[in-house]
Amino acid sequence: MGRYSIFAVAAGALGGNRGWRPAWRKAVPKPSYEVVIVGGGGHGLATAHYLAREHGITDVAVVEKGWIGSGNVGRNTTIVRSNYMLDRTVPFYEASLKLWEGLSHDLNFNVMFSSRGVINLAHTPAQMDIFTRRANSMMLNGIAAEMLDVAGLRRRVPLLDVSPAARFPVVGAIHQARGGTARHDAVAWGYARAADSRGVDIIENCEVTGFLREGDRITGVRTTRGDIRARKTAVAVAGSTSQVMALAGIDDLPIESHVLQAFVSEGMKPALDVVVTFGAGHLYISQSDKGGLVFGGDIDGYNSYAQRGNLPIVEDVASAALAMFPAFSRVRLLRTWGGLMDMTMDGQPIITTGPLPGLYLNCGWCYEGFKATPASGFTFAWTIAKDEPHPLNAPFRLDRFRQGRVLDEKGRGPYPGHH
Amino acid sequence: MRIPCPTCGPRDLREFTYIGDALRSAPALEADADTWAAYVYTRRNPRGEHLEYWQHSHGCRQFLRVRRDTATHVIHAAACVGPHATEDEA
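Residue numbers (our numbering), protein chains in the order written: chain A, 1 to 419; chain B, 1 to 90.
Mixed in with the good hints there might be a few duds.
[What the hints assert, rightly or not] Pulled from the structure, derived: some chain B residues nowhere near chain A, Cβ distances all over 12 Å:
#1 A71
#2 A77
#3 V81
[As the list claims (entries may be wrong)] Cβ pair distances, simulated, as ranges:
#4 G48(B) - S32(A): 44 to 52 Å
#5 A166(A) - G20(B): 30 to 38 Å
#6 K290(A) - L23(B): 41 to 49 Å
#7 A26(B) - Q403(A): 14 to 22 Å
#8 A31(B) - R154(A): 53 to 61 Å
#9 K290(A) - G20(B): 36 to 44 Å
Calculated directly from the structure, the hints in this document are not laboratory data.
As the structure is a computational prediction, the values presented were derived from the model and not from experiment.
Cβ atoms here follow ideal geometry from the backbone N, Cα and C, with glycine treated the same way.
Please construct the entire structure, taking both the sequences and the accompanying hints into account.
What follows is the structure, given as structure tokens:
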């Protein structure tokens, strides 16, 4: 497969653009592989890419029930940041952000990563104190963070209502200038193309219906396109984790599946060149390169596998957006959608060997999935290849709940039972 | 989504607060750490019928046990629990 470059684009144009080939093969499953990854989302595809690139393991299949990019990797609000606080979580998200910064070159695919900055608003002096503490913690971990006062915010985000008459008056903000957004579909396609070019088979429309086992050991998967044996079987299926793991007899994971809605407005002239999050309610908003406002807020709040939400959250999110940006009151909503969130009980993920021999589990992403895609793939590939966690994902063990080592990180979004 | 409250009739979702999985029950205080960890952290999380508690917090304030499908949001049954328990169809 040819490399993408300005010369390839020029040559393609001169040839009437009839020479372009699909970015990855339509693979047919082989009877066995070294590694089978269940779930062709961002994390599964990233895992395949890093298994091939970092560990030389190319005898890999990614099996996906639908088409790649049909799940959460195409259902998020594309925000990337590493403004966390705890020493056990910050290095992971910062490693992810560093991978984002070089991702387009690494994949030879433009993921349109844009370091436009992420601003978290504070509405009380106490909230400012907490954000200052978080900024200090970030800087101790080597991550630049900046506190903004109201005057600074007015300069940086002119349309934001920072007046004392606002519904929730703003007193300041924490700003991570290196955070930003990326083109979510391009992330799935870029990882798929890069993994495919190293020999990974990407098998779409292939649903896992069971696991092959020898005693306790998992030795492959049973699919709608036949049995596939594997020395190692990795599961990265986000909101469907409980269902897929139940096929292996694991029905006691610390996970609830919830629906999280996201929204896009009609396209407009450039109005917002930074990601802004609203600390009084819960809202995050940015403007895509196409011009639409992309925003989201709370989960609907009850267990759901529906991939669609209900209207109270639509109203809640819209009212929070208008409390921040009254100027957007006439903007029309174009699309809304819902993704299945695999919500763990502490809001942080699980990347681990086991829980059965031959099985590897990557799940529990809550609100953190998209930004974590590169580091999740990188560390999961390491965990699969070396049968032990990378230092970055060592805290994300499955038994941390039983041991009382939960990750009480307040830089994350909601988790179940929180509302 | 509308929840058929046994005392108030069918009411809009926004009047209710979600409590969670109704099949979990607190173990005895002297139960071991594994039992407590399982109670506090693990969930069956089914796709399909789910027995769950809701509170009609902006209505009669009764706690309800609701049988709902987590994939379709169809509600099959709802009953009050506690001192004002109604006939339990759930």
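Here is what the structure says about each hint:
Against chain A, the non-interface label of A71(B) is violated: not every CB pair exceeds 12 Å, the least being about 5 Å. The claim that A77(B) is not at the interface with chain A holds, since no C-beta of that chain comes within 12 Å of its own (minimum 16 Å). Against chain A, the non-interface label of V81(B) holds: every CB pair exceeds 12 Å, the least being about 17 Å. Roughly 33 Å separates the CB atoms of G48(B) and S32(A), a value that falls outside the hinted 44 to 52 Å.
Range check, A166(A) to G20(B): Cβ separation about 35 Å, and the 30 to 38 Å hint holds. Distance hint for K290(A) and L23(B): a CB-CB separation of about 45 Å, consistent with the stated range 41 to 49 Å. The hinted window of 14 to 22 Å between A26(B) and Q403(A) holds, with their beta carbons roughly 20 Å apart. Distance hint check: the CB atoms of A31(B) and R154(A) are about 56 Å apart, consistent with the given range 53 to 61 Å.
For the pair K290(A) and G20(B), the supplied restraint of 36 to 44 Å holds, since their beta-carbon distance comes to about 39 Å.
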